Amino acid sequence: MMALCLKQVFNKDKTFRPRKKFEPGTQRFELYKKAQASLKSGLDLKAVVQLPPGESINDWIAVHVVDFFNRINLIYGTMSEYCTERSCPIMSGGLKYEYRWQDDSKYKKPTKLSAPQYMCMLMDWIEMLINNEDIFPTRIGVPFPKQFQQVCTKILTRLFRVFVHVYIHHFDSIINMGAEAHVNTCYKHFYYFIREFSLVDHRELEPLVRMPQRWGG
Amino acid sequence: QGSVDCPNLEFEYADADGHGAELAELYSYTEEPELSTNRRCFEEDFHTQVQGRRWLELDGAQQKAYVMHLLDGLEVVNRDKRLKVARAILYLAQGVFGDCDNEGDVLHWSRHNSFLLYQLGTFTAFLELLNMEIDNSQACSSALRKPAISLADSTELRVLLSVMYLMVENIRVEQEEDPPEWKTCRETFRMELSFPVHTEEPFALLLFMMVTKFCSGHAPHFPMKKVLLLLWKVLLFTLGGFEALQAMKVRKREELGLPPLPEDSIQVMRSMRAASPPTYSIELVEQQQQQQKRGHRSRRPLVKQDSLDIYNERDPFKNDEAGVDEEETDDVDSGIEGELDLMERDAIIPTMPAQRPPIERVSFPKGLPWAPKVRQKDIEHFLEASRNKFIGFTLGQDTETLIGLPRPIHESVKTLKQHKYVSISDVQIKNEEELEKCPMSLGEEEVQETPCEILYRAMLYNLPQYMIALLKILLAAAPTSKAKTDSINILADVLPEEMPITVLQSMKLGIDVNRHKEIIVKSISALLLLLLKHFKLNHIYQFEYVSQHLVFANCIPLILKFFNQNIMSYITAKNSISVLDYPHCTVCDLPELTAESLEAGDNNQFCWRNLFSCINLLRILNKLTKWKHSRTMMLVVFKSAPILKRALKVKQAMMQLYVLKLLKVQTKYLGRQWRKSNMKTMSAIYQKVRHRMNDDWAYGNDIDARPWDFQAEECTLRANIEAFNSRRYDKPQDSEFAPVDNCLQSVLGQRLELPEDFHYSYELWLEREVFSQPIRWEELLHYQ
Chain W
1 MMALCLKQVF NKDKTFRPRK KFEPGTQRFE LYKKAQASLK SGLDLKAVVQ
51 LPPGESINDW IAVHVVDFFN RINLIYGTMS EYCTERSCPI MSGGLKYEYR
101 WQDDSKYKKP TKLSAPQYMC MLMDWIEMLI NNEDIFPTRI GVPFPKQFQQ
151 VCTKILTRLF RVFVHVYIHH FDSIINMGAE AHVNTCYKHF YYFIREFSLV
201 DHRELEPLVR MPQRWGG
Chain P
1 QGSVDCPNLE FEYADADGHG AELAELYSYT EEPELSTNRR CFEEDFHTQV
51 QGRRWLELDG AQQKAYVMHL LDGLEVVNRD KRLKVARAIL YLAQGVFGDC
101 DNEGDVLHWS RHNSFLLYQL GTFTAFLELL NMEIDNSQAC SSALRKPAIS
151 LADSTELRVL LSVMYLMVEN IRVEQEEDPP EWKTCRETFR MELSFPVHTE
201 EPFALLLFMM VTKFCSGHAP HFPMKKVLLL LWKVLLFTLG GFEALQAMKV
251 RKREELGLPP LPEDSIQVMR SMRAASPPTY SIELVEQQQQ QQKRGHRSRR
301 PLVKQDSLDI YNERDPFKND EAGVDEEETD DVDSGIEGEL DLMERDAIIP
351 TMPAQRPPIE RVSFPKGLPW APKVRQKDIE HFLEASRNKF IGFTLGQDTE
401 TLIGLPRPIH ESVKTLKQHK YVSISDVQIK NEEELEKCPM SLGEEEVQET
451 PCEILYRAML YNLPQYMIAL LKILLAAAPT SKAKTDSINI LADVLPEEMP
501 ITVLQSMKLG IDVNRHKEII VKSISALLLL LLKHFKLNHI YQFEYVSQHL
551 VFANCIPLIL KFFNQNIMSY ITAKNSISVL DYPHCTVCDL PELTAESLEA
601 GDNNQFCWRN LFSCINLLRI LNKLTKWKHS RTMMLVVFKS APILKRALKV
651 KQAMMQLYVL KLLKVQTKYL GRQWRKSNMK TMSAIYQKVR HRMNDDWAYG
701 NDIDARPWDF QAEECTLRAN IEAFNSRRYD KPQDSEFAPV DNCLQSVLGQ
751 RLELPEDFHY SYELWLEREV FSQPIRWEEL LHYQ
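As they're listed, the protein sequences go chains W and P.
Numbered by the numbering used here, the letters in the first sequence go through residues 1 to 217 in order.
Numbered by the numbering used here, the letters in the second sequence go through residues 1 to 784 in order.
The set of hints was computed from the structure by calculation and includes no laboratory data.
All values derive from a computational prediction rather than experimental measurement.
We put the CB at the ideal spot given by N, CA and C, even for glycine.
One or more of the hints may lead you astray.
As the list claims (entries may be wrong) - Pair by pair, the computed Cβ-Cβ distance ranges are:
1) Pro52/W / Glu380/P: 39 to 49 Å
2) Val427/P / Pro52/W: 32 to 42 Å
3) Pro52/W / His629/P: 27 to 37 Å
4) Lys106/W / Glu599/P: 28 to 38 Å
5) Gly178/W / Tyr461/P: 55 to 65 Å
Unchecked claim - With a cut-off of at most 25 Å between alpha-carbon atoms, the simulated SDA-like pairs for lysine to any residue come out as follows:
6) Lys731/P / Gln750/P
7) Lys373/P / Tyr699/P
8) Lys389/P / Asp59/W
9) Lys373/P / Lys213/P
10) Lys508/P / Ser386/P
11) Lys430/P / Asp695/P
12) Lys109/W / Gln147/W
13) Lys389/P / Leu51/W
14) Lys46/W / Pro406/P
15) Lys414/P / Glu133/W
16) Lys389/P / Phe136/W
17) Lys46/W / Pro408/P
18) Lys626/P / Val637/P
19) Lys645/P / Glu81/W
20) Lys639/P / Phe136/W
21) Lys188/W / Tyr699/P
22) Lys389/P / Pro137/W
23) Lys64/P / Met191/P
24) Lys414/P / Asp124/W
25) Lys146/W / Asp695/P
26) Lys420/P / Leu256/P
27) Lys414/P / Gln149/W
28) Lys188/W / Pro408/P
29) Lys414/P / Pro137/W
30) Lys623/P / Pro408/P
31) Lys389/P / Glu81/W
32) Lys377/P / Ile140/W
33) Lys377/P / Arg139/W
34) Lys188/W / Ala698/P
35) Lys639/P / Met128/W
36) Lys389/P / Gln149/W
37) Lys389/P / Asn132/W
38) Lys389/P / Val48/W
39) Lys389/P / Asp124/W
40) Lys639/P / Asp124/W
Taking the hints into account, I'd like the entire structure generated from these sequences.
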């Protein structure tokens, strides 16, 4: 065990220095090893998110927003049985970050909801926006509204929180299912996308700030 | 009785159950005493002809001579005497069990004698007798007058039908050691049943007619179970079973110049493994409560099941709606077999272009049992959408022009084309379109006279009635139906004349009645599936005709209602008393029956016929709804998803596959919430059901499917079907296409009806209107 840990530390790929929390032998270290092992696979997602020539940017963003919504919805679904009122009484991203829900109807003030409730509200809210023809027009020729990118920013920001919660609180369940490579790849894609078009404020990205460093990103 | 941990069921789906089991199901337990009656009738007569010897000791010629003697005996006028002779013949067909030591012998002699009987013309003789019995109005009216019909009212019919069934079933099943003359026999019999010579119609039609007559109430004494069993086996024999169907399909594709099938579906399904079903905490609690009750034959009905009427009203699952994300317990064993490969299909890149020559067949991804398929329509839609987006106008059904479209689209089209699948139906539909457009120039269609074609032509006129009747009986036999006073009584041929007195007798009758209903469900489900499959192969519009009538007769809610029960307990039902089964009961002494032994039932893991029926019904439901938006919406509207999900509990791969197919087609209408809470089911669908490229089943979201558009789709289909039927089967009615008679002789020779006064007035008329009128030749010149 010791030899393995030292190897990690003196790894020539090291852009990452293990912090105190990641003591070899702790659970977090094991999780981190798993995360690293699966991230370095696949295609060049950074190139793939760039706007292709001739494509309209709103179209490009719209397609991705819907796609990410669908996939993140399913990711959450795979471990939704472990995310209960009891296990996650508030929607959090570790000890430092807490998310409260606010919308234009029932929750005019930011309210503390349990994680499952927050997810539910979030998915319903995004679904409503996506199904709204005025915001996400489906007929050819109908233009996107002026505030389209702002709406997407809000959607993507909130979707990011799903990742935060899943990674920090439920990653062990993901690993038990053997789905870590998939979640990681989806997250990587998502991250590159929001960075490419600057769709999420960098302060929001703080809870998972360490992750991109592993990809050399 | 349904336990949480259903073990993998060792079930092999086939055309029918084992030979012995099929013969056993012919008889109900209440009929068992008649076996000795048959024996007595035979032995009384046999001893007058052949003293001191047994049937088994006779040689071929002697056996033949005796059978001829019996057949002569059928010609007598006296009905009772005829019945005795028929019983003697039945005893022969049943295997002269009085002289046998073990079950194997009985089955052997049953088979031997069946061939012998057939060779001497017994089937034809019994067919005549059957016709006589059917037309026996006296029997009908006496049955109609009776307050309670029982076994006794169908005695003659049951004997006749049993002989015929034994002959069909014994001859149908091939065995390796069959001598060549038996093989010839089989072929002759098959031809005789499929291609009628004397009567205009195939034998199956007579049985269909019996079914409708029974359902109309004119012949409540008809023993339906036997009629249906015989009908099923006749269809199986004349048309062919599943393997024959597969071979025919392969051949037909070759004939039409279509590429071979990507896989052998029968093989693939045999090697599929069942997935662990999701369990629900609600049912776990119920199970615990159930296990606490003693000796309870749990046919655990669902809450509010009795009031479930699909048509009318309040949704019994309303309670479930709020808690649709039922919590799944940790009891589930470690996930679905195989990896959760959800994200593997990288939806980011539209397609991964394979650098391969276009003609090569792409092999499907490892781990998935089915190659993906694409329809021509799908390619057209994809191109139209892309053209709309990138260019702004469309080109109809062109799938070649790719100018102006970006490279990824080119690559997508290439991949789609590599997986293109053209079905036989597509070719037939196209053919039909052309024949409709050019009725004169393309000439008469060459229709192959196969048993299937002959059957369809014969059934065509009354087909709707046949379907309605079959469904009526199916409904009455379904486990979830209550006995209604106005509908048909399918128990007429299982109820004894005297109702049971003791508890033991009641229990025995109860088991018998349930078994009776199960066998009826089995035969109807099997024969409907056979018809649908054969008609589809023969011509897609024949299939559509039958399907439409089934759908109009409410087959879809009927099947859903059938599944709206505790499927696990239906599959594991033990409605049989093996000591009373034929041929066991004929060679072994009957032990004392006790309540406990009846309760215990047999040692089987599951009930073969019930699992068989379930799979058949699921297959039928799939066939009715596939590619039909209007009917798929019916599945959604009837809230079939929870019902179907419960059926997933049965750990049998084939059954699960057909359930998953029905769920897959609905997922995009069930909403993201449902998908999120049913990830295990979504994964199972991904792993087991064939993928259709560009099918948005997992992500699509059409909550507002419009119910009022359904009519249009069904009407168009109906028009196409009627056009097909009238083109192929009606005499030409249209006066426009009827030839004109222009032969002078025949025109002059025609009789014309002239008014009475014409005789007197015509000369005057001629004088006035013709001879006195001057001909103005110059007017002819003016009108150019």
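### Query
Among all the numbered hints in the text so far, which are the ones the structure does not match?
Hints 1, 4, 9, 10, 15, 20, 24, 25, 27, 29, 30, 31, 39 not satisfied by this model.
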